[in-house]
Amino acid sequence: MKSIPRVGIIGIGQSQFKPRREDANYTELVREGVALALKDAKRELSDMEAVVYSLAPDALLGIGNAERLGVDAVGARSKRFMRINTGGATGISSVISGYTHIAAGVCDLVLVAGADKVGESGDSQTILNKIWDPTYERSLPLGTITMLAMSAVRAMDKYGLTEEDMARVTVKNRANAALNVNAHLRKPVTIDDVFASRYIAWPIKLLDACPQSSGGCAMVLASERYIKENNLDAVWITGVGHCSESYFMGDRMGNKIMADHADAHALGKAFQRSYKMAGVTDPANQVHVAELYAPFSNTEFHSIEATGIAPMGGSMAMMRDGVFNIDGKTAVNPSGGTLCTNAIAVSAMVRAAEAALQVWGRAGGHQVKGARMGIASGNGGDHQFFGTMVIEA
Amino acid sequence: MELLKRKESWNIGYEHALGETASFFFANVRDHAQIYGRRDPKSGRVLVPPRSFSDQTLEPTTDWVKVGPGGRIEAFTIVYEEFKTLPDPPYAFGYVLLDGADTAIGGYFRGIDLKDPAKASAQLKLGTRVNTRFAEKRKGDVLDFWFELA
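Protein chains in written order, with our numbering: chain A, 1 to 393; chain B, 1001 to 1150.
The set of hints was computed from the structure by calculation and includes no laboratory data. None of these values were measured; they are calculated from a predicted model. Ideal Cβ placement from N, Cα and C applies to all residues, glycine included. A couple of the hints might just be wrong.
Here are the simulated DSBU-like cross-link-like pairs (lysine-lysine), alpha carbons at most 30 Å apart as the crow flies [claimed, not checked]:
#, chain 1, residue 1, chain 2, residue 2
1, B, K1042, A, K256
2, B, K1005, A, K130
3, B, K1007, A, K18
Derived list of chain B stretches under chain A, where covered just means 3 residues or more per stretch with a C-beta under 8 Å from a C-beta of chain A [claimed, not checked]:
#, segment
4, 1005 to 1016
5, 1070 to 1077
6, 1091 to 1099
7, 1117 to 1129
With the rest of the complex left out, here is chain A (with noise of 0.2 Å):
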């Protein structure tokens, strides 16, 4: 078999993540990564052979096919284009997109951008209720948040989850992203905090809850041959998966089912996918570092326990020891998570931006010590489009 080339990451852009922005038009928050990340990687638009654009559903932007406009902000013309859409794994499909146009052998340079403005709906749960069917599911008010709601009250009765343990999730992420220039929220909370907030959807409150974000993200991926030639500096992405769910929520309860909503089976086996390419065997004492797509605080305790970190259902003992502060075994979400920003088309991609970050030494003010393996996830649609990947300095 042809061996793969490897790839790298050489450039890395995001905007201060914000309720909004009304200095700047979509395209103009797009470019704003861009930028961001060509000044990092030390090179111009004209030196990338392909872009990869990250847009989730239309509607929560409010612009049809945005990509079609997005086209000039990121400088395709002439170029390899693609517009990426998994739900809120959009931003990591995205990555994984960039990286197989390298290992492919077709590119040795790719830019992989996008943007969102959630915050210019300010509705997002009206729009999230579109995503499903409407021959059975429609007339009922599901959203993500009462999706993730009942995957909570499935976990309390599997696994005794508590509305504490959720909290101690919200406590963790928002220190963590009081240390992030980038993070939208940045104010650290207590438990009380959240108990005193109001609840969303039972047992969802308001701090265990996502806000709706707007900012840009981008990425510049090159071959090794083109990183060695030009002496560039570069983390490696040694491992990445994908893995699909079907997509009947109610089929994951009830008789012989083949995966919980309680869950991440999904999850899990992508996971498991990025770690046979990356030939990491141990997780739980090889990775450092794990940023992980969890809007919910309830969700961060099945996204960990499909890294393999934590057993099933035994995250939560973990998070109360600590494992996972940013002083931990091994730190999840440092940068304070999608829990503390979410900018829906690019959520998934800052989760590896950061993980990179991190395995760089660059983190800033949220660095963990040490950091030289880092994994990063992305869920989308209902609760079924998951993507994962290795990065190793």
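Place chain B on chain A using the hints.
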């Protein structure tokens, strides 16, 4: 400088064809207050809501099976926040495994006082038995039925 904005809204209509399988299901809900599932011959599982093929074995489903009206709660949430275009809170909904079915179907839980989240959520605990109730006037929709504590 003064930063300007533009208001826009999307309001697009559709008329979705439901297909033969869902049409049979909804016609029976409307005309007979009866819920049906479809059996996957390969696994023997009864899929509710009924689908023309199994997403697990990928085989076409073959026969109709009457399910319910009793069942047990498999998932729920109680919504206390108002969302544009969604119902006025509070409301409870979730998924129920109807007797004779192998997969759970979504619906509202009614007849429960939702004011106190702790008390209401305890009443909806997973495994709790429920009965299906049908509206007197039915139009062939999942909102024609809901669940109440048994």
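Results of checking the hints against the structure:
no.	hint	result
1	B:K1042 <-> A:K256	holds (14 Å)
2	B:K1005 <-> A:K130	holds (26 Å)
3	B:K1007 <-> A:K18	holds (20 Å)
4	1005 to 1016	holds (count 5)
5	1070 to 1077	holds (count 4)
6	1091 to 1099	holds (count 5)
7	1117 to 1129	holds (count 6)
Every hint from the earlier list agrees with this structure, and none is contradicted.
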